[in-house]
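K.L.:
Sequence:
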Amino acid sequence: MTSNTLEEFYETLLAACGPQHWWPGDTPTEIAIGAILTQNTNWRNVERAIEQLRAADMLSWPAIHHAEFERVAELIRPAGYFRIKTRRLKNFASWLADNFDGKIENLGRQPLFEAREQLLSVNGIGPETADSILLYALNMPTFVVDAYTARIAIRHGLIDESAGYDELKALFEDNLPEDVELFNEYHALIVNVGKHHCKPKPRCEGCPLACFEHETEFD
DNA sequence: GACCAGGCACATC
DNA sequence: GATGTGCATGGT
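The opening position of the first sequence corresponds to residue 1 in our numbering, with each subsequent residue numbered one higher.
Listed next, the in silico EDC-like pairs over lysine to aspartate or glutamate satisfying Cα-Cα at most 20 Å (straight line):
no.: 1; residue 1: Lys199; residue 2: Asp146
no.: 2; residue 1: Lys90; residue 2: Glu128
no.: 3; residue 1: Lys103; residue 2: Asp57
Hints in this document: simulated from the structure, not taken from any laboratory. None of these values were measured; they are calculated from a predicted model.
With the sequences and hints as input, model every part of the structure.
P.N.:
Right, here's the structure in full:
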């Protein structure tokens, strides 16, 4: 691929959708909780769960750490997978308490590579959740890959369909300037367009990126 | 009723 | 190393 294909995609998406301004006014803790709750889940359901946590004054790591399992589970139920996600939230809260004085901001004081490796060592934090926390909560320059990112890159022939998370991440990071605001906005734009068009079975009508012109067969 | 959603861990071959 | 499965609610 040419080095500016991904920059062109960005300009196209920005022109078509406008700036998304994702997670702008929230605290790092609220963003990280959202990142865990949104695993394989519609964001609308996550918003309900977060509002219930907020109403119960449970939108903090110490509160989650010390609360009864069933209490947290009941509050986050609308986000789905509520038992496994309760375990992941409490596990993360415990890890923060043990290693970072319970403050997620302290994680961001480390170099990006070390912070990412440590996040990935926590049970329940995979690559997308780790990168979402680093980029959106801690303002560190790491590109967030999701299912939509993979579909777009594959359908435009930018990468082999067998590519894994790290290869997709490298594709974007190697062909874009290292810029927190750019990475933030780019991923948000991809999700926004993805919700309408980058389904397992693509809905190309009106898609700004017109994936169908580049790929003849979808399964 | 089928399909989808801003994944991840674990089992099994 | 690749592939399959459980986890669960809510919208379209």
